[in-house]
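Undergrad: The lines below spell out each chain.
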Amino acid sequence: MSDILAVAEHRRGDLRDVSYELLTAGRQLADETGGDLHVAVVSGDTESFADDLNREGVDAIHTVADGEEFNHDVYAQAVEALHAELDPEVVVMPNSVNGLDYAPAVANRLDLPLVTDAVALDYDDGLTVTREMYGSKVETTVDVAGDQQAVTIRGAEWPAAEGVGDADISAFDADIDADAGSTVTGFEEVGGGDVDISEADFIVSIGRGIEEEENLPLIEDLVEATDATLASSRPIVDNGWLPKNRQVGQSGKVVTPTVYLAIGISGAVQHVAGMKGADNIVAVNTDPNAPIFDIADYGIVGDLFEVVPELIEQFE
Amino acid sequence: MKVLVTVKEVAEVADDFEIAGTEVDERYLEYDLNEWDDYAVEEAVQLKEDGPADEVVTVTVGPERSEETIRMALAKGADRAVRVWDDALEDVDLLDVETKTNLLKAVVEAEDPDLVLSGVQAGDDAFGATGVSLADEIGFQWGAVVNALDYDDEENVAHVHRELEGGVEELTDIDLPAVLTIQTGINEPRYASLRGIRQAQSKEIAPKSLDDLGLDSGSIESDLDLTSMYEPESESDVEIFDGDASETAGKLAEVLTELGVAE
Ligand SMILES: Cc1cc2nc3c(=O)[nH]c(=O)nc-3n(C[C@H](O)[C@H](O)[C@H](O)COP(=O)(O)OP(=O)(O)OC[C@H]3O[C@@H](n4cnc5c(N)ncnc54)[C@H](O)[C@@H]3O)c2cc1C
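For the record, the sequence lines run as chains A and B. Going by the numbering used here, the first residue of the first sequence is number 169, and it counts up by one from there. Going by the numbering used here, the first residue of the second sequence is number 741, and it counts up by one from there.
Be a bit skeptical, because a hint or two may be false.
Unchecked claim - Computed list of lysine-lysine pairs in DSBU-like fashion (alpha-carbon distance at most 30 Å, straight line): (1) A:Lys412 - A:Lys444; (2) B:Lys845 - B:Lys742; (3) B:Lys948 - A:Lys412; (4) B:Lys948 - B:Lys788; (5) B:Lys991 - B:Lys948; (6) A:Lys444 - B:Lys991.
What the hints assert, rightly or not - Computed, partial: chain A to chain B, Cβ under 10 Å: (7) Ala328; (8) Val332; (9) Phe340; (10) Glu356; (11) Thr394.
Since the hints were made in silico from the structure, they are not lab data. We put the CB at the ideal spot given by N, CA and C, even for glycine.
Could you build all of it, start to finish, from the sequences and the hints given here?
TA: Spelled out as C-alpha cells, the structure:
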C-alpha cells in the first residue's frame, strides 16, 4: 500500500495543463513512497485522454467512461471506487475550481485528511505538504497524520510530465449511480467586450489599493499619458468599477504584455495566474512584503497616490 | 426556507510582521469578516428580502473575540447567530477540514436549514474545502464557486453559475437541500447601516460548546500539524527603486522608455 493515485482533469474535450503537472507531482511522490503511479481519467473521451496521459513515469491508467463533462457526483464516486480497489497512500487532485468541487467530498467519504493548494510535497515516513497562508504572505509546512491522505495541488507549480510512457491502460467499472442531484445544463463564456487585454503590449493594472471608484480617473490619466491598456485585479471588477473583460487572473484573462505595471495589487495566486507570463513585471505597492514583489522585475515600495501623479508628469 | 451562512472571522497580516514559531505574532494580526463570507451573507439576506427565505442564521467557529465580526453579519441582516467554541480548540494551530465539518454538521443537525451558504475560501488559511466536505457529510447536494444564484421556489432547485477558470461559467441545477460556496462578485455586499448596527446589538449570538453539540474532544482532533512558518523565498531579483515619489517615478519612467512601451 504505497501507491499514488492522481486524478486528471479535462474540460470541453481537452485535458487541462494541471493534468500533466499532476503526473509529475504523483511520480515524485511514488518515487518517495516506493510505489506505482496510477492515474484516473473520468468522463469524456477517456480513451484518447488515456493516450495523452501515457507519459514517462506513469505505471497504470484507469479510465472511467461514465459521463461527458465534469460532474462532482460521478467524480466522487469514481475516485471512491478506485481508492477501494487500489488502496493508494495518497490521492492527488487538482486545486482547480472543479477539483475543489469533488476533492473535499472524496476526502470526507474516505475519511482521509485533506490538504489543499499544495505548492510542494514531500514523503518521508509520512506526508509533508508546503502551502501558503494569509494571501501568500507566509509559507507553511504541514505534517499530515494517518496512513492515507488526499491533497490538491496548485497549478503551474510542477512541470508538466513529458515523454511517452508504457502505462497499463484499462477500463474501470466504478458502478456509478448516475441519479445525481446536480445537473450541468451548459456553459457560458463571459468577459467579451470592447478591448482584448490579452493583445496589449503595455498594461497598467489596478487593484484594491485604489480604494475608491473616485480614484480611478487618476489611473486613467496614466493610461492615457503612456498609451497603455487598462486592466485590473478581481475586486475592481467585483465592485463594478471596470467591466469583466478587464480582469486579469485565473477566472479572468491571461495576458502576456512586454510590461505589466501592477499598481496596488497584492499578487494573490489567482491574480498571478493571469499575468506571470509578462516579459517585465513592475509593482507599485506600499507593502514591502506584498507577494507581487516576489515575481516582479522592478518595484516601487510606495503610495500609489504619490507615485502615479509623478509618473504621469514624466510622460506629459 | 431557512438559510444557514457560515461566517468566519479571518486574521489579516499587517504590512510588516514577525513570525513567532509557527504563528504570525499576534501584534501583527487584524481580524475581519472573511471577504467571501460577506458575499454569502449578502446572498442570504437578499433571499430573505426577495421572499424565499424566512430566516437567515449564521454559524461561526471562533472564540469570543469573533462576536464583533458576527455582529457585522447581523447588522447586515442576518437574524441570529450561533458561535461554536471550545477551549480545546484554542491550542490547535491549524483546524483541519474534518474538524470544521464535524462542528458545522452538529449545527446543521440542530438548525435543519434548507440551504447552507459558505464562502469559497477563507482569506487566511485558504483551504477552500469546508463547504463541499460539509455537504457530503450531511447528505446535501452542493456546488462550489458559485457566482450566480437563481432559486426556484416551486421546483426547490437552485439554478447556479459556477465560475470556472479562464472566463468560462458552468450552468448547473442543484436540488435543495444544498450547500453552495459563494464567490465574490455574485452581488454587492451592503454596508451595515447605523440602524442595522443598532439592531444587531439585540440579536442573539448563541455560544455552543462541544458538549452543547453532543460532541467529544475526539471530533476535534486535527490530522494536521503545522511544523513551520516562514516568509517565502523570493523567486525574482526585483530591482527596487529608492527615493521619494518623484525619484522613483523618474526611474520607472526611464525603464518604461527603455523597454519601448512608453515615451
Ligand atoms: C476561485 C477564485 C478565483 C479568483 N480569480 C481571480 C482573478 O481572476 N483575478 C484576480 O485578480 N483575483 C482573483 N481572485 C481573488 C484573489 O484571491 C484576490 O482576492 C485578489 O486578486 C486581490 O486583489 P488585489 O490585489 O487588488 O487586492 P488586495 O489583495 O486587497 O491587495 C491590495 C494591495 O494594494 C496595496 N495598497 C493599498 N493601498 C495602497 C496605496 N495607497 N498605494 C500602493 N499600494 C497600496 C496593499 O498593500 C495590497 O498589497 C480569485 C479568488 C478565488 C478564490
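Undergrad: Would you mind marking each hint as holding or not holding in the structure?
TA: Hint check results:
no.: 1; hint: A:Lys412 - A:Lys444; in the structure: holds (19 Å)
no.: 2; hint: B:Lys845 - B:Lys742; in the structure: holds (16 Å)
no.: 3; hint: B:Lys948 - A:Lys412; in the structure: violated (42 Å)
no.: 4; hint: B:Lys948 - B:Lys788; in the structure: holds (25 Å)
no.: 5; hint: B:Lys991 - B:Lys948; in the structure: violated (58 Å)
no.: 6; hint: A:Lys444 - B:Lys991; in the structure: holds (23 Å)
no.: 7; hint: Ala328; in the structure: violated (16 Å)
no.: 8; hint: Val332; in the structure: violated (28 Å)
no.: 9; hint: Phe340; in the structure: violated (22 Å)
no.: 10; hint: Glu356; in the structure: holds (5 Å)
no.: 11; hint: Thr394; in the structure: holds (4 Å)
Checked against the numbered hints given earlier, this structure breaks hints 3, 5, 7, 8, 9; the rest are met.
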